[in-house]
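**Student:** Each chain, written out:
2 protein chains.
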Amino acid sequence: MLFGKLGCVLLRRTCPYRGIVTIYRCHSQKSLKKLRICEALSQKETGEYVRIQGWIRSVRSQKELLFLHVNDGSSLESLQVVASSELDNRHLTFGCAVDISGNIVKSPHKKQNVELQANQIQVVGECNPVDFPFKVKERHGLEYVRQFPHLRCRTNTFASLLRIRSEATAAIQAYFKENHFVQIHTPVISSNDCEGAGELFQVESAGRDRSTDGESSGFFSVPAYLTVSGQLHLEVMAGAFPRVYTFGPTFRAENSQSRRHLAEFYMVEAELSFTDSLEDLLVVMENLFKSTTDCILSRCADDIALFHKYVAPGHKERLDLMVKNRFKVITYTEAIDVLNRSSEKFEFSTEWGCDLQTEHEKYLVKHCGNVPLFVINYPYDLKPFYARDNEDQPHTAAAVDLLVPGVGELCGGTLREERLELLHARLERMGLEDAYQWYLELRQFGSVPHGGFGMGFERYLQCVLGVENIKDVIPFPRFSHSCLL
Amino acid sequence: MLFGKLGCVLLRRTCPYRGIVTIYRCHSQKSLKKLRICEALSQKETGEYVRIQGWIRSVRSQKELLFLHVNDGSSLESLQVVASSELDNRHLTFGCAVDISGNIVKSPHKKQNVELQANQIQVVGECNPVDFPFKVKERHGLEYVRQFPHLRCRTNTFASLLRIRSEATAAIQAYFKENHFVQIHTPVISSNDCEGAGELFQVESAGRDRSTDGESSGFFSVPAYLTVSGQLHLEVMAGAFPRVYTFGPTFRAENSQSRRHLAEFYMVEAELSFTDSLEDLLVVMENLFKSTTDCILSRCADDIALFHKYVAPGHKERLDLMVKNRFKVITYTEAIDVLNRSSEKFEFSTEWGCDLQTEHEKYLVKHCGNVPLFVINYPYDLKPFYARDNEDQPHTAAAVDLLVPGVGELCGGTLREERLELLHARLERMGLEDAYQWYLELRQFGSVPHGGFGMGFERYLQCVLGVENIKDVIPFPRFSHSCLL
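So the protein sequences, as listed, match chains A and B.
Those letters in the first sequence? Residues 33 to 517, per the numbering used here, in order.
Those letters in the second sequence? Residues 33 to 517, per the numbering used here, in order.
There may be inaccurate statements among the hints.
Since the list gives no way to pick one copy over another, a pair counts as held whenever it fits inside one copy or between any two copies.
[Unchecked claim] Pairs of lysine-lysine residues, derived as BS3-like cross-links and limited to a Cα-Cα distance of at most 30 Å, are as follows:
(1) K322 x K65
(2) K143 x K76
(3) K322 x K377
(4) K142 x K360
(5) K66 x K209
(6) K360 x K138
No wet-lab data here; the hints were simulated from the structure.
Just chain A, with the same shape it has in the complex (with noise of 0.2 Å):
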């Protein structure tokens, strides 16, 4: 027993196996080249002598060869690992996680080029396959996997998620940095509500801070939020630096059931100085979704490729448009048209100076060819105080929302308004002036034409990988009612 500590050892004392002869060796595990999965199928030499670890996927026992499938998230494909049957035991079960020893050899099947001859395998954790709630070779649903949130990154398609997520995170975070945007770490907590109309959350310190008339004392007796938008923050940041960005997480409180919508999400958020037209915030849109998007296919490629096998059939093809395509731009005004032109019947109101809904966006999606879709030039009334006025008629701010097929609003964004007496008029207008005295501060002193946007990255996750719920593609979703762990 070499490694009685941490579990079973069991060594293979006998060495024939498909005509290769194994002199056997008693390594010290702890010597060892350690590899990790996706390393050890990339293999080209063979005969090396090496250890790996991961998690069992599937058991197989014949009458004189074993068979296990070995993964430790490192890709999706996992480690054929073949054993003399004497090496099998009770634990190697279903989930149980192993340290395994022995060589790496070209594989007789087609399936894989390379599989490890074991020599020791060590069941590290057990795992009682009756009670796990996962089962061998089972797809589970989605549904069904999301109760189990400290569980389902033991799924396939869950690990998958969790790797595209990460590598997509890391690729957005070089998209800004080649293009030379300073990263701002935008607070969490704060004292603002940026849109004027989203549900928020309030933060109470717990403790003892709270005052003694039973009333909830707020942050150290400060009223303060959880974020909805690192904006005006971003804002800040714009005055000193051309291009900023952010990439955290942010909050609605909507007492909502959506496919859409998560109490907390994450969101991409990007403030470009010295600009004065919309055009810019399209360019950098575009070119952010594009480029993350090639980037997660050529290093996810397995993974986005289990998605649009298994749980979006047919989406392959829709990524392909809207990758290869230009992305569309139309005004609010002629998507109006557009709505009115057509002969579906639409649920709400597509008047001139109503805000388009769910199905509006859906039918312009569809009638652009499905490729993504830029509308700009909302009317002024539906945008918030920030909004830059167009001084048109009819009158329109400029601001954009680009709608991806699908899914729907994915990015919404406006040119600001960095003139301070129009601003101003419209916040006192509103009886904002004295909550936003420090923004027109921002105008006052050395203010540049600016404009920004946010993209919910949970959504460009739904839309790349075609995942109809969103609470599918974050590891823990908060949504009405539900904080689990």
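Starting from the known structure of chain A, arrange chain B on it as the hints suggest.
**Tutor:** Leaving out everything else, chain B in the frame of chain A:
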């Protein structure tokens, strides 16, 4: 007037300047090659006609010539702009935003290689120097600057900090990516209190969701808190990926005014599976520190030099000591021994079993030559329920703190108790068995020996830059009774 819409454009109609004759060209600014200041400063070829944009850092008007320094946040160094004094105008003041075109020429001054010989100077956004809280060529104290969270990025020091922070973030992410860690977005809103100790912020739906009896209703009736650590969520993921990390905001509702604490701060946390030795964690901590520091030292040399010159003189040498030496390791028991053998008078007890206080940490670091110091194997009773029992005498847990000069505790980590029976027994003793049922299940289904650590990102920046107050290394500091913007 070319850009009347945006401000005043002044065209240079005379050309004699330092012997160079420039032919007057009425360029459309839009079509001109735009250079960032850092790009303009590193131009090898001179004579090119370009456009730059930024904010004025100084104005010096002579009889015939006008000298400006323009900064756009792309570097600490500003670009010197020289123009005929005819281009001067009363709006050209410290802090105003400008859009300038002209020729890159070799500078006659030793201080810079090139300068811009301006043809057109447009003031995009004015800045009244009387109202603007920062004054030209004045070095404002960090405490003064802190009063203006919406403007402090306009100071050299804070702009440098933001560049360093952005690069350090990228460097940390690069380190983990190169070392095959999967990035996990752990949630901000959480239903568990990881440490069982820290003061928590509670989350309340602020709007309609409040129940009628005046009591606040939590996260849609569910009690929920702002996370104090992503560790437990990372441990979930460590059950499918042997290396995971998270980098995001964490929260402590400590009602204290301290130079080392914030209510909202950033934490880097990593978790490694298939590891049964603290040494593995120590290696990652040391490499993370050194690779990040190497990276920012090379990418932000000027910015860091600014800190080491003006903010913390002498800190460069202290940092060199940290980067060039191997970090040291002592056990808690040895540390207690060192403290008890010293001639220093300590305020707090140094008896075996007592926690190390700041005064002790400082002494230990100094004692070890001002090199970062790992203290390992703390008394079992001092550590949270998840710390792995070393089953020794005196009774210790496999825990580590990394202490660094000036800052004290930078990182903290433990091996996690992966043995179901031991974990179960401890949670039972603490009455936490039910709350952590899911955590116990992680040990039931393919458990592996694992461990991890967290590093305070702001403390890291304090340590590298020598910044005394943690409020000066984060864009928007949140602390007791203060939540500006």
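**Student:** Check each numbered hint against the structure and report the violated ones by number, ascending.
**Tutor:** 3, 4 and 6
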